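Trainee: Protein chains in written order, with our numbering: chain A, 1 to 383; chain B, 1 to 272; chain C, 1 to 171.
Note that these hints are calculated values from the structure, not bench results.
These figures come from a predicted structure and were not determined experimentally.
Note that the Cβ used here is the ideal one computed from N, Cα and C, for glycine as well.
Be aware that a few hints might be false.
[Unchecked claim] SDA-like mimics (lysine to any residue), calculated; alpha carbons at most 20 Å apart, straight line:
(1) B/K265 to A/P337
(2) B/K134 to A/K160
(3) B/K134 to A/G104
(4) B/K265 to B/H245
(5) B/K155 to A/D226
(6) A/K294 to A/D226
(7) B/K265 to A/G335
(8) A/K160 to C/E152
[Unchecked claim] Residues from chain B shown here face chain A by an in silico Cβ test under 8 Å; the list is partial:
(9) V130
(10) Y186
(11) F229
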Amino acid sequence: MAEQVIPTKKMPPGLQVENVDDRIMTLNVGPQHPGSGHMRIIVKIDGDYIVDADPDPGYVHRGEEKMAESRNYITNIPHLERPVIHDSCNILYPYVLGVEDLVGIEVPERAKYVRVIAAELNRCIYIQYWLAIYGIFLGHSTMFMWPAGDRELLIDLMEKITGARVTHAYFIPGGVRNDVPANFEDVCLRQVNYFEKRIKEYADIFYDNPILKARTEDTGVLSREDAIRLGTTGSVLRASGVDYDLRIKEPYDVYDELDVHTNVLKSGDSYARSKIPWLDMLESCNIIRQALEKMPKSGSIRTKLKPNPKGREDEVYRRVESGRGSAGCHIISRGKPEPYRLKLSVSSFRNLIALPYLLKGEKLGNMPAVYWSLNYWPVEADR
Amino acid sequence: MSKSEKKVTSKDEDKKKSDEKAIGDAIIAAANARREELAKEALATRSNKTLPKEVKEKPKEEKPKESKPKEEKPKESKPKEEKPKESKPKEEKPKATPPSKTDTEEESLPEFEKSFVDKISSQFTDDVEVGYIKENRTRVNVKKEKILEVAQFIKDNLPFDHAESVTGVDFPEDKEIGVVYHLGSYTDPTYSKQVLALATRVPREENPNPGNDSTKLPSLRDMFYSVEFHEREIFEMLGVYFESHPDNRRLLLPEDWADLPPLRKDFRNKGR
Amino acid sequence: MLKELVTPQNANVFVGKLGDILYKAVDQPLGMAINWGRMWSLWPVHIETACCSVEFGAASSPRYDVERFGIIEAFGSLRQCDLVVVQGTITRKMAPRLRLVYDQMPEPKYVIAMGACAITGGLYFDSYNVLPGIDGILPVDVYVPGCPPRPETLIQGCMLLQEKIKRMKAR
Numbered sequence: 001m002a003e004q005v006i007p008t009k010k011m012p013p014g015l016q017v018e019n020v021d022d023r024i025m026t027l028n029v030g031p032q033h034p035g036s037g038h039m040r041i042i043v044k045i046d047g048d049y050i051v052d053a054d055p056d057p058g059y060v061h062r063g064e065e066k067m068a069e070s071r072n073y074i075t076n077i078p079h080l081e082r083p084v085i086h087d088s089c090n091i092l093y094p095y096v097l098g099v100e101d102l103v104g105i106e107v108p109e110r111a112k113y114v115r116v117i118a119a120e121l122n123r124c125i126y127i128q129y130w131l132a133i134y135g136i137f138l139g140h141s142t143m144f145m146w147p148a149g150d151r152e153l154l155i156d157l158m159e160k161i162t163g164a165r166v167t168h169a170y171f172i173p174g175g176v177r178n179d180v181p182a183n184f185e186d187v188c189l190r191q192v193n194y195f196e197k198r199i200k201e202y203a204d205i206f207y208d209n210p211i212l213k214a215r216t217e218d219t220g221v222l223s224r225e226d227a228i229r230l231g232t233t234g235s236v237l238r239a240s241g242v243d244y245d246l247r248i249k250e251p252y253d254v255y256d257e258l259d260v261h262t263n264v265l266k267s268g269d270s271y272a273r274s275k276i277p278w279l280d281m282l283e284s285c286n287i288i289r290q291a292l293e294k295m296p297k298s299g300s301i302r303t304k305l306k307p308n309p310k311g312r313e314d315e316v317y318r319r320v321e322s323g324r325g326s327a328g329c330h331i332i333s334r335g336k337p338e339p340y341r342l343k344l345s346v347s348s349f350r351n352l353i354a355l356p357y358l359l360k361g362e363k364l365g366n367m368p369a370v371y372w373s374l375n376y377w378p379v380e381a382d383r
Numbered sequence: 001m002s003k004s005e006k007k008v009t010s011k012d013e014d015k016k017k018s019d020e021k022a023i024g025d026a027i028i029a030a031a032n033a034r035r036e037e038l039a040k041e042a043l044a045t046r047s048n049k050t051l052p053k054e055v056k057e058k059p060k061e062e063k064p065k066e067s068k069p070k071e072e073k074p075k076e077s078k079p080k081e082e083k084p085k086e087s088k089p090k091e092e093k094p095k096a097t098p099p100s101k102t103d104t105e106e107e108s109l110p111e112f113e114k115s116f117v118d119k120i121s122s123q124f125t126d127d128v129e130v131g132y133i134k135e136n137r138t139r140v141n142v143k144k145e146k147i148l149e150v151a152q153f154i155k156d157n158l159p160f161d162h163a164e165s166v167t168g169v170d171f172p173e174d175k176e177i178g179v180v181y182h183l184g185s186y187t188d189p190t191y192s193k194q195v196l197a198l199a200t201r202v203p204r205e206e207n208p209n210p211g212n213d214s215t216k217l218p219s220l221r222d223m224f225y226s227v228e229f230h231e232r233e234i235f236e237m238l239g240v241y242f243e244s245h246p247d248n249r250r251l252l253l254p255e256d257w258a259d260l261p262p263l264r265k266d267f268r269n270k271g272r
Numbered sequence: 001m002l003k004e005l006v007t008p009q010n011a012n013v014f015v016g017k018l019g020d021i022l023y024k025a026v027d028q029p030l031g032m033a034i035n036w037g038r039m040w041s042l043w044p045v046h047i048e049t050a051c052c053s054v055e056f057g058a059a060s061s062p063r064y065d066v067e068r069f070g071i072i073e074a075f076g077s078l079r080q081c082d083l084v085v086v087q088g089t090i091t092r093k094m095a096p097r098l099r100l101v102y103d104q105m106p107e108p109k110y111v112i113a114m115g116a117c118a119i120t121g122g123l124y125f126d127s128y129n130v131l132p133g134i135d136g137i138l139p140v141d142v143y144v145p146g147c148p149p150r151p152e153t154l155i156q157g158c159m160l161l162q163e164k165i166k167r168m169k170a171r
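Okay, chain A solo, but in the shape it has when bound:
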């Protein structure tokens, strides 16, 4: 009797032979997880190894492209910068350039320099925030506190120029919204010099840290050919050894008059991808100093637009180098005050395709290091 009640387990000694499919487990990461939220990754794991990853974006899809079709060229500005509010100048840049092409206005020389300075400052602000979150992802609390604190310096500077902490809405077709304050050059130079001194210290605590190197080196390696094939952009592309920066390759505004260098690393792993933005910040400090020197000391900062500008019947595709990579804007106009169709081709969305590719074969513990090193901002990808 008792022998029948107790189920007999047929466990062979030693290794158990079982179907491979049974060992694979599906795991949902997100949309609530202790990193950056708004994103779900469905990973299939075999023990500790990821065999498949399926990113599921769209938690912040707000339909901006549809909204843009019912607003005119000026009222589109505030909501188009919301995808990346901490990089708002750069995400607005291609749209503004495109509208200028369509409406057919020239930008004053001084406004071009002010734009470049604002865009570079904003790039630093964006990268600092990205770096802070990367610190959280890797459990490095100091690396959250330092960039988040230093970032406030530049936010103060931008607040002096535009009046808002993060959502500037500063670039408008025809120039910039308002002039920089008096003695801006001195304040900006002082802040930027201090900032540069400060971010050089990150090398000691973060980039030369053996723990960081052990966690990120040789994880998620993206070869040069695959980086090109996948169409990645920005820091991901440059970490894989492709020298491509739109500030040099297709200079817009006054970037062709400035001495801009690209930073390229060859290894293509998470460490290289996390280091490129930091090098970009140092380069941005150089660009800001040059632009401050060359900027005309006085002059107009805006070409006046007609109240309700109409674009000519045409289409434009403009792109700029944002904090994450190339940001493109495709506007189709039909001679109305509103765009017929507006498409934002943003770098986060383009880099997302590399995520499932990189995660396959990685250990689950490496997922945060790989995911955030892609310079990915989920709100931007969802638009």
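Chain A is fixed; fit chains B and C onto it per the hints.
Mentor: Just chains B and C now, kept in the frame of chain A:
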């Protein structure tokens, strides 16, 4: 181009201000007369709704442009008569207008851009028409059936190696949906500025049934791997089904979305 | 005397009455103590819904340091949390997940709606995928306006919530 013109005008402004004003008045008068004429025509043919709007817009745009070259009245009034007629089709076939503009106003087409577009158009004479050739930006319109061949040709013979963005555009008047692939090049530094727009059209259905109706297009994922997520986005936003694409699933929209694909023109935002 | 009053028949009733009297006597000071404990250790869930999370991050940065007011830095496990800061736009895809997060948290729990989008839909009032405010899915305690609100505003909102907890009846 307009920059240089502006500088010239700002220098000589004082001298020729009076002349300019007289010419400007004459132009305005001519434009008003033309507008009245067109308005009468429009009243007569009310069925075509697009006409009256253009009548309002066109003369306004031409005033600032033509006051700069400082020509005489009769010459200017001629293009005015032609232009509204040209734009009547109002269609996304910029084949005719941009080249003619560049021919008349400036030097001819940019050579480098023309050279590689010619390569494509000479290979596929009947199926490819050149959309526009501007500096750094080119566009070729391809028939839907030939898109795979043209993409393969571009991939093999030109250094375009990745797709930057894929735009889906809805044209309800033509009963078509346009899909534009923007291709770029990382490998060849001479092509790094170029963006080639590879455009095609698919038929549009009044009552879309994504995946099961005629709105289908072969996927370019085999040639340009980077279009994978872009094509998924277009599938959900416009209902264009990409054949041979491995997963035509939802990407951004909620799982329970049961309305029209939102980027179609007949889908309206609330209150708009 | 007590023996006369308390018989086996009415013992239960008497204990119940005694409990009521004790509760009334102790509720006020003890409730304050409970509320005091809850007030100074608010643990927000680490759920980021939209772009306001940038300013939420800035609020816990060294300059603003929301921790000195008893709002502890965002925490991963929602089973230990008692505060949801809804950081911005809630889309139709996110709304069920937000409710799922809220339902899993232990009582008592509080909700702060941060940003114009979480309050009314804000800039995205006419978007097809955005909820017009989160009132329909969560009971909101404090609204923090702004697009996005400055960290100071968020801190003020948190302090208002603390004030509210102080005056609440402890359960």
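Trainee: So, for every hint listed, does it hold in this structure?
Mentor: Now the hints, each set against the structure:
no. : hint             : verdict
1   : B/K265 to A/P337 : holds (17 Å)
2   : B/K134 to A/K160 : violated (40 Å)
3   : B/K134 to A/G104 : holds (15 Å)
4   : B/K265 to B/H245 : violated (25 Å)
5   : B/K155 to A/D226 : holds (16 Å)
6   : A/K294 to A/D226 : violated (40 Å)
7   : B/K265 to A/G335 : holds (17 Å)
8   : A/K160 to C/E152 : holds (18 Å)
9   : V130             : violated (14 Å)
10  : Y186             : holds (5 Å)
11  : F229             : holds (5 Å)
Consistency with the previously given hints fails for numbers 2, 4, 6, 9, ordered from lowest to highest.
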